[in-house]
Structure formats: C-alpha cells, structure tokens
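Colleague: First residue of the sequence shown? That's 1 in my numbering, and the numbers climb one at a time after it.
Some hints here could point you the wrong way.
[Stated by the list, open to error] So the derived label-pair ranges between C-beta atoms look like this: (1) Gln-63 to Pro-20: 26 to 32 Å; (2) Glu-10 to Asp-50: 43 to 49 Å; (3) Trp-13 to Met-40: 39 to 45 Å; (4) His-22 to His-67: 43 to 49 Å; (5) Asn-42 to Ala-9: 31 to 37 Å; (6) Trp-13 to Leu-55: 38 to 44 Å; (7) Asn-42 to Leu-64: 23 to 29 Å; (8) Gly-46 to Glu-10: 34 to 40 Å.
If you are wondering where the hints come from, they were derived from the structure by calculation, not from laboratory data. On a predicted model such as this, the values are computed, not experimentally measured, just so you know. Every residue, glycine too, gets a C-beta built ideally from N, C-alpha and C.
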Amino acid sequence: MAGLKRYEAEHFWLTTVRLPPHAPDLNPVEALWSLVRRAMANTVFGTPDDLDRVLRRELRGIQLQPHLIDGCLTGTGLAMTHSPPQAPPAAAPRYGMALGLVSVARPRAPSPYER
C-alpha cells in the first residue's frame with residue numbers, strides 16, 4: 001500500500017475513493033466469476049489440467065464479449081471515465097481512466113515568482 005500512498009502524494013490533483021473491503025456488490029470481478037461458475041456448474045474434471053483448460057476457455061470467452069464485462073461493471077453502479085491526456089485548466093476537473101474513482105484538479109497555490 002505504500003506505493004499507492006506515494007503515488008497519491010506525488011499527484012496532488014488525484015482524489016481517491018476507497019471502497020469498503022467486503023463489498024462484493026461493488027466488485028465487478030464477482031459478477032465475472034458468477035458467469036464462469038454458471039458455465040462450469042456440474043462439471044467433473046478428470047485432472048487439474050482439464051480444470052485449467054476449461055477455466056481459461058471460459059475467461060477468454062468473456063474477454064471476447066465486451067458487453068458482458070460492461071454489464072458486470074454497470075451492475076456495480078460504478079462508472080469508468082476516460083478522456084485523452086491533456087493539461088487541464090488550473091481549476092477545471094480532470095478525469096482519467098478509473099474504476100469507481102474520480103480525480104479532481106485542485107487549483108494550485110500561486111508561486112511567489114508569478115505576479
């Protein structure tokens with residue numbers, strides 16, 4: 001966690017929102033696992049390699065269907081925002097790629113050399 005705190009400190013304009021640790025309804029991965037479990041229900045695997053093969057196939061199938069991933073994200077109520085990287089005006093909001101996080105540009109303190 002030290003790396004994240006350092007990153008936040010180095011990027012003063014970034015505001016992070018921490019989600020509760022035990023909130024599966026806010027975690028889109030839980031919905032993805034639900035899709036995998038449903039596809040693999042009542043399956044008997046002869047070897048661990050069989051399990052690995054089917055699991056990879058199911059995950060790849062989800063990866064190739066972006067609408068499933070979008071549905072899992074939408075189900076959380078969280079938003080993913082993105083805008084091309086560019087320097088924001090001094091007090092304007094800055095939105096970056098985030099999952100449930102919004103970054104806000106805060107006005108910086110004027111330098112004593114700026115007058």
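Colleague: Hints the structure violates: just list their numbers, smallest first.
Modeller: 4, 5 and 8
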